[in-house]
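Work out the full structure: start from the sequences and follow the hints.
Sequence order for the protein chains is A and B.
Per my numbering, the very first residue in the first sequence carries number 1; after that it's consecutive.
Per my numbering, the very first residue in the second sequence carries number 1001; after that it's consecutive.
Hints in this document: simulated from the structure, not taken from any laboratory.
Below, a list of computed lysine to aspartate or glutamate pairs in the DMTMM-like style, where the Cα atoms sit at most 25 Å apart:
id: 1; chain 1: A; residue 1: K24; chain 2: B; residue 2: E1065
id: 2; chain 1: A; residue 1: K28; chain 2: B; residue 2: E1142
id: 3; chain 1: A; residue 1: K28; chain 2: A; residue 2: E76
id: 4; chain 1: B; residue 1: K1082; chain 2: B; residue 2: D1037
id: 5; chain 1: A; residue 1: K62; chain 2: B; residue 2: D1025
id: 6; chain 1: B; residue 1: K1082; chain 2: A; residue 2: E76
id: 7; chain 1: B; residue 1: K1082; chain 2: A; residue 2: E142
Label-pair ranges, simulated between beta-carbon atoms:
id: 8; chain 1: A; residue 1: E12; chain 2: B; residue 2: A1064; range: 30 to 36 Å
id: 9; chain 1: A; residue 1: T123; chain 2: B; residue 2: R1027; range: 22 to 28 Å
id: 10; chain 1: A; residue 1: T123; chain 2: B; residue 2: E1069; range: 24 to 30 Å
id: 11; chain 1: A; residue 1: Q42; chain 2: B; residue 2: H1036; range: 40 to 46 Å
id: 12; chain 1: A; residue 1: K28; chain 2: B; residue 2: K1056; range: 25 to 31 Å
id: 13; chain 1: A; residue 1: L101; chain 2: B; residue 2: K1042; range: 36 to 42 Å
id: 14; chain 1: A; residue 1: Q42; chain 2: B; residue 2: T1268; range: 23 to 29 Å
id: 15; chain 1: A; residue 1: L38; chain 2: B; residue 2: E1041; range: 46 to 52 Å
If the Cβ cut is set under 7 Å, some of the chain B residues that face chain A in the computed set are:
id: 16; residue: L1085
id: 17; residue: Y1090
id: 18; residue: L1122
id: 19; residue: T1134
id: 20; residue: R1138
Glycine included, every Cβ here is placed at the ideal spot set by N, Cα and C.
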Amino acid sequence: MYMGMKLIDLVETHAEQIARQWAKNVRKNPFTPYYHGLPDEQLVPQAVVFYEKFRNLFMEPKPVEASEGYFARYAEESYRRGVPLHEALYALILMRRQIWLYAEFQVLFFTAVEQNLAVESITRTILMFDYAVYFISKKYGELMKLEWFEAPNT
Amino acid sequence: MSGSLKLITLIEKHADPIAHSWAKDVRKNARTASYHDMPEEKLVPLAIRFYDNFRKMFYTDKPAETSREFFARYAEEQYTAKIPLHEAIYALILMRRHIWLYAEFQVIFITAVEQKYAVDSLVRTILMFDYAITFMSRRYQELIRGELNDRLALLNMIRLESPLGTRLTPYRTAIMTALLLGSFLLTYYYHAVMGSNVIFTHLFYIPVVLAGIWWKRKGVVMAAVLGIFLILSHLFFLGGTPLTDDIVRAVMFLVIGTVVAFLSEGITTAEEIYRLKAM
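Quick look at the structure:
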């Protein structure tokens, strides 16, 4: 868990910088056109909140329960703002990638032993994101159903 | 790259047992309820096809382009099979997990150097799945939007909207003017010429309903105009007869016009939701 801690500490202490890099990325990424017109002031806090929550989600002994509430809320906010589902998902994927880019840049996983622990860290992060994708797409489907008659196949 | 090659060779060589263990999992996993009743014979080929394509998608220089086609098709098949998007995505996630469960089981990344390759393999596999999730959710939304358009085809024809709408919308005013003129003439004919109050006013529901559909709340004005005209015409030409029936008719025009306007607004809002979210 040591390497996981190293990653969490990095994310927490540099939440603002990582969030700014994410905002820059999401504002020009061809997969997230919705975000292109949004100012940094609107985007950065969104990512900062996520990076600050990262420790809780990462360390949680019951990752499913912990992430369900948080990502359902993320889905609801994105939905209300009119973000298309695939863009909301990709923006979240970019949040995860930005962590790894930052960790790589900081040469967090340098030695062979650290590489071994890096696998563990990646696996745990991916597990969290697997649930995130599931909960977000599920919530979007539910919201669409609520807004109108039963949507085809949601 | 040799570490990744090891993984890919393992997947290709053991596609069948990996696909079987995935099918078993997906048939009992709480997050993939729609797959529970599907027979293994139907599920296994789905996973095998994915595992067979794994090398191509893993090694390509253009992972986005290569995976787009595969996952869009996968999404279409799942959509046709009535699998909700979140379950289809989770089933795909399980396909990836089963590779790793099997890879771990086979202990292919055992040495320290191989652990480094394991990181590379993981990152590359994850990249592929990031695209998969994006393309699948986009395709699903396109399909939902398409189905919605099909379901609303008749209504859209009446609304003179998409796909005909762009060309026919200007004709709304012309059609409504003609219908209003027709209604006025009909009222004049029955009230002034025939001296009768028979049920010709049922025909007024055509402009009332169309105005509600086309202009929503603003369309209620048409119902009001027709109602007022009917009452004025009655007072002018049928002064001696009771007005109650025509008042009831005028009120009904307003009620029907309002209901249709709200329904039309609801449909437009729902369409916007789907256009927006279906992006």
